[in-house]
Amino acid sequence: MSSTYQNSLLAAEEFEDVYVIDTANLSTGEALLILKAAELAEAGKAAKEIYDEVTALVPYVDASFVIDNLEYLHKGGRCSALAALGANLLKLKPCIQVKDGSM
Numbered sequence: 173m174s175s176t177y178q179n180s181l182l183a184a185e186e187f188e189d190v191y192v193i194d195t196a197n198l199s200t201g202e203a204l205l206i207l208k209a210a211e212l213a214e215a216g217k218a219a220k221e222i223y224d225e226v227t228a229l230v231p232y233v234d235a236s237f238v239i240d241n242l243e244y245l246h247k248g249g250r251c252s253a254l255a256a257l258g259a260n261l262l263k264l265k266p267c268i269q270v271k272d273g274s275m
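The sequence shown begins at 173 in the working numbering and counts up one residue at a time.
Just so you know, these hints were derived from the structure itself, not from any lab.
Any given hint could turn out to be false.
Straight-line distance between alpha carbons at most 27 Å, and here's what the computed DSS-like set of lysine-lysine pairs gives [to be verified]:
hint	residue 1	residue 2
1	Lys-271	Lys-208
2	Lys-263	Lys-220
3	Lys-247	Lys-271
4	Lys-247	Lys-263
5	Lys-265	Lys-247
6	Lys-208	Lys-220
None of these values were measured; they are calculated from a predicted model.
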């Protein structure tokens, strides 16, 4: 969904014992995986063990969210002005689901 993963891989090449995980998700899904990684780190797991366990969880994390207002989707070019106006007038609130790395 962005170039963050690719940039992280490039940056990780400069260090030893740094592992990059493609969460295939957005902020909420990423946060769940980060919390799990923090728990594993607190339990004394090594970086490679944390990487392996969190990577194994990635396919099981799906996130969704409801958009209250289409203003920013319109500003970002994701929907037309007419669609944004119509949805806002009708009080439609689209639900976006992130699954398998796409919305």
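Going down the list of hints, with the structure as the test:
For the proposed pair Lys-271 and Lys-208, the alpha carbon gap of about 19 Å is at most 27 Å, so the pair holds. Taking the CA atoms of Lys-263 and Lys-220, the gap is about 47 Å. The hint is violated against a cut of 27 Å. Proposed proximity of Lys-247 and Lys-271 is supported: the alpha carbons are some 24 Å apart, at most 27 Å. Between the alpha carbons of Lys-247 and Lys-263 the distance comes to roughly 18 Å, so the proposed pair stays at or under 27 Å and holds.
For the proposed pair Lys-265 and Lys-247, the alpha carbon gap of about 17 Å is at most 27 Å, so the pair holds. Between Lys-208 and Lys-220 the CA atoms are separated by roughly 14 Å; this keeps the pair inside 27 Å, and the hint holds.
Comparing the model with each numbered hint stated earlier shows that hint 2 is the single one that does not hold.
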